[in-house]
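Line by line, the protein sequences give chains A and B. Quick note, the first sequence lines up with residues 1 to 444 if you use my numbering. Quick note, the second sequence lines up with residues 1 to 492 if you use my numbering.
Don't take each hint at face value.
With the Cβ distance kept under 10 Å, some of the chain B side facing chain A (calculated, not the full set) [claimed, not checked]:
(1) D56
(2) T210
(3) S359
(4) V395
(5) P485
Chain B regions said to be covered by chain A (calculated; three or more residues, Cβ under 8 Å) [to be verified]:
(6) 191-202
(7) 233-244
(8) 325-338
(9) 345-358
Calculated directly from the structure, the hints in this document are not laboratory data. A virtual CB, placed ideally from N, CA and C, is assigned to each residue, including glycine.
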Amino acid sequence: MQRLGAEAEGRGLAEPRGYLPHTTGDLAVMLDKIGVPSIDTLFAQIPVEVRLTSGPAIGAALDEQGLARLIGAMASANAASDLVCFAGGGYYDRYLPAAQQALLARGEFVTAYTPYQPEVSQGTLQVTFEFQTMIAELCGLPTATAGLYDGSTALAEAAGMARAATGRPVVAYAPGLHPEWIEVLTTHGRGGGIVPLEQVAASAEIAAVIVQQPDYFGRVRDIGRLFRERPEGAIAIAAVDPATLGVLEAPGLLGADIVVGEGQSVGLPLGYGGPYLGFMAAAGPLLRRLPGRICGQTRDSAGRRAFVLTLQAREQHIRRARATSNVCTNEALCALAVTIYLSLLGPVGLRRLGELCFARAHYAAERLSAIPGVERVYPDDPFFAEFALRVGDAPAVIDALAARGYLVGPAVDRERLLVAVTEKRDRADIDGLAAALREVIAGA
Amino acid sequence: MPDAPEPLVFELSQPGRTALRLPEIDVPDAAVPAAHLPAATLRRDPPALPEVSELDVVRHYTRLSRKNHAIDTGVYPLGSCTMKYNPKINDALAALPGFAHLHPYSPDHLAQGVLHLLWELEQALCALTGMSAFSLQPAAGAHGELAGMLIAAQYHRVRGDSARRTVVVPTAAHGTNPASAAMAGFDVVEIPSGADGVDLDALRAHADATLAALMLTNPNTVGMFEARAAVAARIVHEAGGLLYYDGANLNAIVGRARPADMGFDICHLNLHKTFSTPHGMGGPGAGPVGVRADLARHLPGPRLRRFDRPGERAPRFAWEPAGPEGIGRVRALYGNFLVLVRAYAYIRACGGEGLRAVSGHAVLNANYLMELLRPILPPAYDRRCMHEFIADGRVLRPLGLRALDLCKALLDRGFHAPTMYFPLIVEEALMFEPTETESRQAIEALARAVADIMAEAARDAEAVREAPRHTPVGRVDEATAARRPVLRYTPR
């Protein structure tokens, strides 16, 4: 950096540059125009008792290579990312096509914001409209929103909608709902009950019944029957894995009033838990209770088709404390990832993806449950591409398999763990896992 | 070319076309769903997804991208949104396989690198805000607000102070403040506020045994530092309430003042604003929530713990469940991790003094733009601003124009518009936030564009009312969109 005179330093002109573009000449011109002697003078509004005189102790600035070295070392210190991944629990190691990754890197998508000015945001808005159409199609319901934080929070929003729509306090869930999602429901439930379906006493209190499909253990549930048997007047909520919806029936056609889910499995990297994408589709009567952004089709001043954020009277920036939700983000970049992914797959691809995972998972279940000391937890229930095994000491087995190059889990409890099979795991991977598990169990 | 209409991806569809290249089924005696699953669970009609080639997809989304204004394409002075440059190195680091491929249920001992990063980020956010502990779990600013309000509720509940049902919010606050407080179960009271901050008499009227918290943004949404916040803090604390800091405007004071020193008990930060993570057209962001020491037990779980064992060269990190007084999870897993990586990279690239320079240059740029615009578009409050200011769009009225018209005309000149009609307390508000990463020349070009529009407006107001003409579409009919909602494509 150019050495500056004492006068320039006194005016704050010798500060570190980082991503700041101003030359010392620029700074001098700007300060003169404003009519202040230094940058620090601009902060005179801050009472002196709380004004800091130097930067916080978070280290000196790093140059780009130093930064890459520091954070590269942190990235390299996660041995689990190198393992052959059979882990599941609602989040899956899927292949992300190169074309999708290339499109997602475009700065016009990455560095735009919420389409407040639709005339210069038609890219964002059209993508959102396409996304809503795809989600509505997959779910078999008329309307989908532009997106929510993740599957768990989308479910909490759906529960809130059901409470508001029915005026009832309690939300019931069928067995096999993801345990962390139950926790999120409880946190957001404001003291309204979150109860297992089998413990429902007063059915007139029930706002909604939630069924996860496939459930946390990978089981395929007869959601049509579960919804038909629900307490009268309760909203039917399905929480689904969209990657299965080329094979499994659209929940809206089986009675679901609201369908939510986690978009990670159709186009997002695992990324140690996020960012992911919650999605939501709903039946017509719930339209004006939907949370967050919604994009609609309209015309511009010349009569051309155009897209715009709509039904905003539901939202926080207009209705404030009476909004349907406080959510404003729709994880738009994640919604774009899903839209591109589903475009590349198409209806045939989504079905074949499901069939491939299904076939490999069933092969894996056969191989693994044939090992002495290993058994399937629910041998009589149909499953999709994930299943629970009883293995003895589950955390120890997970660690021992990791030492042999395989990641499984999560552990459901001390004795049981989950195994998931995606399109990235071929027969050799499955045979390798079976051999490793046989060794681990034999050595236990 | 960007102006040519682009069909919907569904309209490009040709039955039988596919971009699919999946592996073949390679296992013996392959199970098929129809043989193993109940017939009622099987899909009867395939979803009407598009049937297109890979090249169709690449061209379609490339073309759509060109219809967007973005930081990477031009100045984006959208007030309250902090549209600063998003360094590319941060995206590259977040894409490293050790982060991007890591399963969230990886055992802690095989994920020490990410836990170390998360720990360091928590520490840095504590240093920058003066808070004692942070949870990185909230996925967005509004989500952090909700977590913060649930913490406030839990604090009072644990103390047996259950009469505290009221959260006070200034009228100038972001709409998420009252919405988040209401979602956490509070009764929301809005009190008047202006350039000098909240109306203290109105606050005193609510400072009683029912007051749970006051939510404040400082600098406030008109771009002024609220020196009165210290008095407000005293009033709220003496009444037994908590003070909540909405970190939306932290970019103005980062490295120069800390919310905890100003009396705040709980805060959230928008990492996609101050800490430069990309806005992604409307997410993903991240909204960590921080608290003073005695509130840490109410943070969402799980909590990250650090273990320093004698004889071990490096510390170990592990997730632990929160205690019984925690509010519980606000989201599955741990937060928007790949966003957190970018924010941490940004903080380390800037360093402590660098972040102080960030706020310095952000405030400098806002004041410079305000001075350049003063003769043609005067500020609504005639005093030095912080990182953003509100220009008074009422000067357009004698010409028969509105703030909206100026915004649309700016789009025609290659600039994004300022935030318009917010905050609600200022009529015809035009909120400009240039951010620190715009050069003097870019700011001057923006000011010239505004001057050009004002000159055109004086000459030919109708021309301004018809703007924009050079964008992919002209003014969009929002009323019809809301009156007759078309929310998905339906084939003819």
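Do the hints match the structure? See the list:
no.	hint	verdict
1	D56	holds, 8 Å
2	T210	violated, 16 Å
3	S359	holds, 8 Å
4	V395	violated, 21 Å
5	P485	holds, 5 Å
6	191-202	violated (count 0)
7	233-244	violated (count 0)
8	325-338	holds (count 12)
9	345-358	holds (count 13)
Comparing the model with each earlier hint shows violations of hints 2, 4, 6, 7; every other hint is respected.
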